[in-house]
Amino acid sequence: MSATYFVRVHSEYYNPLQPPERRILREIVELGHEIGLHYEPRFYSDEGLDLLDAIDADRALLAGIPGVGPVSALSAHQPLLSPPDFATIAGRGLTEVYIHPEFRAMRYYSDSGMNWREKTLAEAVETESRCQFLIHPDFWNDTATDWFSNLDARRDAVVAELDATVEAEKRMLRDYLARRDQRDAEFGKLLGKS
Amino acid sequence: MEFSFGDYADAVTRALARFDHVCAARDYLALPEPDRRQARVLFLRHDCERDLTKALTLARIEH
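So the sequence lines, in the order shown, correspond to chains D and F.
Taking our numbering, the leading residue of the first sequence gets 1, the next gets one more, and so forth.
Taking our numbering, the leading residue of the second sequence gets 1, the next gets one more, and so forth.
Please note: incorrect hints may appear among the correct ones.
To give an idea of the interface, some chain F residues facing chain D are shown, with a C-beta separation under 7 Å as derived from the structure [what the hints assert, rightly or not]:
no. : residue
1   : Phe-3
2   : Arg-26
3   : Arg-50
4   : Lys-54
5   : Ala-55
Because the hints were derived from the structure by calculation, they are not lab data.
Glycine included, every Cβ here is placed at the ideal spot set by N, Cα and C.
Please build the complete structure, drawing on both the sequences and the hints.
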């Protein structure tokens with residue numbers, strides 16, 4: 001079994017270029033899955049970027065993470081709020097899974113808005129023979145919870161991660177200040193100063 | 001069906017038994033033409049909006 005994991009480059013909640021997220025992406029690939037780009041038309045528009053140039057740049061950023069490999073599949077982030085120019089993307093021959101003929105020919109289901117569209121995954125698995133199923137990992141937990149509690153939990157996790165980073169930097173700073181003269185002398189030697 | 005990892009694991013286990021291919025976009029497009037047309041296929045995609053940690057959890061379940 002394999003799946004395509006579409007990743008944002010400009011998410012407010014994670015940064016795929018930082019070490020912890022890079023390790024996650026590598027592990028997802030090692031498990032046999034594919035990394036695609038969850039491209040962000042509204043961000044590109046707000047930044048005055050050309051759609052295709054921005055998609056290529058973001059694909060290159062993800063593909064540049066060692067172990068991730070080529071990034072050829074695309075899915076649009078919030079296509080209803082900020083509709084991308086699908087015709088332009090199709091004209092480039094990119095694998096945009098909303099519009100690529102091979103995937104468009106399949107029945108489409110999703111858990112968007114934490115609300116099953118037509119069928120749950122369990123129902124689709126029992127009744128369909130060919131379909132595209134969109135799952136948002138954000139919504140899933142050890143035990144089911146509502147969307148707002150889910151967002152609160154994500155905020156708490158992000159704050160906890162930042163707290164740990166700040167505490168680690170404080171420890172480093174205390175260590176540096178305690179040995180400042182020695183460190184400054186070492187740095188002077190490194191620069192060739194006596 | 002609830003949004004719990006346990007329910008997800010049950011669903012993908014049943015999917016493996018029912019579909020010929022439960023696969024990524026790349027792997028579906030790499031199938032020979034007859035397979036693409038005739039096989040029972042579930043293209044499974046995940047849009048990672050806010051949390052890659054949960055994406056990894058699902059990836060491990062699928063593995």
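For each hint, the structure was consulted:
no., hint, in the structure
1, Phe-3, "holds, 5 Å"
2, Arg-26, "holds, 5 Å"
3, Arg-50, "holds, 4 Å"
4, Lys-54, "holds, 4 Å"
5, Ala-55, "holds, 4 Å"
Of the numbered hints listed earlier, not one is contradicted by the structure.
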